[in-house]
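Participant: Sequence:
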Amino acid sequence: MRVEFNRRRLLQAAGLGLASISGVQALAQSFSFTPNQRYPDPAVYVLDPSFEKLRLFNSTLEQLGTGMRWAEGPVYLPSTQKLVLSDIPNNRLMAYDERSGEFQVYKDNANYSNGNTVDQQGRLITCEHLTRRVVRTEEDGSTTVLADAFNGKRLNSPNDVVVRSDGSIWFTDPVFGISGEWEGRSASPEQETTNVYRIGPKGEITAVITDIVNPNGLAFSPQEDKLYVVESHDNPHNSIWRFDVAENGQSVANKTKFIDAGEGAAPDGFRVDQYGNLWCGWGHNASIGTQKEDIGGNMQAYPLNGSPEEFDGVKIFNPEGQAIGFIRLPERCANVAFGGPKRNRLYMASSHSLYALYVNAQGAV
0 MRVEFNRRRL
10 LQAAGLGLAS
20 ISGVQALAQS
30 FSFTPNQRYP
40 DPAVYVLDPS
50 FEKLRLFNST
60 LEQLGTGMRW
70 AEGPVYLPST
80 QKLVLSDIPN
90 NRLMAYDERS
100 GEFQVYKDNA
110 NYSNGNTVDQ
120 QGRLITCEHL
130 TRRVVRTEED
140 GSTTVLADAF
150 NGKRLNSPND
160 VVVRSDGSIW
170 FTDPVFGISG
180 EWEGRSASPE
190 QETTNVYRIG
200 PKGEITAVIT
210 DIVNPNGLAF
220 SPQEDKLYVV
230 ESHDNPHNSI
240 WRFDVAENGQ
250 SVANKTKFID
260 AGEGAAPDGF
270 RVDQYGNLWC
280 GWGHNASIGT
290 QKEDIGGNMQ
300 AYPLNGSPEE
310 FDGVKIFNPE
320 GQAIGFIRLP
330 ERCANVAFGG
340 PKRNRLYMAS
350 SHSLYALYVN
360 AQGAV
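Going by numbering that gives the first Met the number 0, the final residue of the sequence shown carries number 364, and the count climbs one at a time with no gaps.
Don't take each hint at face value.
[What the hints assert, rightly or not] With a straight-line cut-off of 30 Å between C-alpha atoms, the simulated DSBU-like cross-links for lysine-lysine are: (1) Lys225 with Lys201; (2) Lys225 with Lys81; (3) Lys81 with Lys106; (4) Lys52 with Lys225; (5) Lys152 with Lys201; (6) Lys52 with Lys256; (7) Lys341 with Lys106; (8) Lys225 with Lys152; (9) Lys106 with Lys201; (10) Lys106 with Lys152; (11) Lys225 with Lys256; (12) Lys106 with Lys52; (13) Lys254 with Lys152; (14) Lys225 with Lys341; (15) Lys81 with Lys52; (16) Lys254 with Lys225; (17) Lys52 with Lys341; (18) Lys81 with Lys256.
Keep in mind that the hints were calculated from the coordinates and are not lab data. Everything numeric in this text was worked out from a predicted model, so none of it was measured.
Generate coordinates for the entire structure from the input sequences, incorporating the hints supplied.
Facilitator: Have a look at this one:
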């Protein structure tokens with residue numbers, strides 16, 4: 000059933016977990032959502048007993064806003080208690096206000112922004128597809144360009160971004176934003192490879208990884224001695240690779256396949272908690288003839304009949320790469336972020352909607 004996206008209807012739907020929207024017209028489908036009344040929430044699957052300590056038995060999945068075309072890049076802004084995320088095809092940033100419950104446009108004409116993060120000063124850092132650059136929003140609202148080229152050639156389309164404690168900024172640069180008109184502008188790549196870059200504290204740019212085809216989500220381990228990177232076009236399956244970070248924090252080595260996503264699965268953006276677990280946006284890669292598989296590995300059966308919607312959600316892996324939990328969502332999840340005053344609220348940017356779940360874990364700093 001289609002839900003008309005206006006303030007009156009959203010207020011009527013508040014009991015269904017929809018956040019109110021002030022003066023915002025939807026530019027895509029809006030979906031109603033009925034949260035589970037039962038504790039524990041049956042949408043949260045324990046695939047290994049170790050996940051029990053991370054699941055709050057009396058916390059249920061919530062839908063905070065809807066009406067986007069492709070939700071991506073969530074980041075929590077502690078100074079304003081807002082969760083900001085990208086609605087890429089609609090060329091805008093959206094924001095959910097934890098204090099008021101409102102879900103509103105945060106920025107129009109956002110240059111088809113994708114990944115977002117904050118630096119140590121709390122400033123928003125954004126990957127822009129249209130301009131093919133990484134930018135920082137200053138306290139006065141002005142924009143500082145951090146990277147738009149490497150070796151004299153334009154970047155492809157910066158995708159996801161993280162900040163290390165030494166102040167360096169790391170981002171992936173696949174071709175997704177220049178491969179068509181949907182998430183940017185069609186153009187030919189100028190870089191010979193699709194890379195992971197590091198922007199040093201003094202602004203110097205280096206290509207730290209050059210042998211991953213279309214790197215996507217990335218995150219550091221809690222001790223920052225490991226870097227995880229999604230390869231979206233790996234063969235035969237999409238993968239998450241692990242690298243050792245040098246002691247000086249300027250390079251990586253020892254590329255190791257950490258997670259083979261398996262037949263039909265598509266990991267995207269992810270974040271790491273303080274225990275080193277990976278909370279990964281998950282979905283189907285639209286391949287034909289997907290075989291039945293167990294999303295929980297060998298530990299506990301999780302029924303999949305091959306339908307793409309059964310892949311939709313967040314899949315959690317421990318530091319050894321074992322699947323331990325799964326959060327089933329009604330839409331494919333592209334990326335996640337930890338937020339809230341205690342950093343224990345998992346925000347999930349999922350196709351048309353933003354969802355949240357309180358968990359017994361905190362995002363790694």
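Participant: If a hint holds in the structure, say so; if it doesn't, say that too.
Facilitator: Going through the hints against the structure:
no.	hint	verdict
1	Lys225 with Lys201	23 Å, holds
2	Lys225 with Lys81	29 Å, holds
3	Lys81 with Lys106	13 Å, holds
4	Lys52 with Lys225	24 Å, holds
5	Lys152 with Lys201	20 Å, holds
6	Lys52 with Lys256	27 Å, holds
7	Lys341 with Lys106	26 Å, holds
8	Lys225 with Lys152	29 Å, holds
9	Lys106 with Lys201	28 Å, holds
10	Lys106 with Lys152	28 Å, holds
11	Lys225 with Lys256	13 Å, holds
12	Lys106 with Lys52	38 Å, violated
13	Lys254 with Lys152	26 Å, holds
14	Lys225 with Lys341	24 Å, holds
15	Lys81 with Lys52	27 Å, holds
16	Lys254 with Lys225	10 Å, holds
17	Lys52 with Lys341	17 Å, holds
18	Lys81 with Lys256	35 Å, violated
Hints 12, 18 from the earlier list are contradicted by this structure; the remaining hints agree with it.
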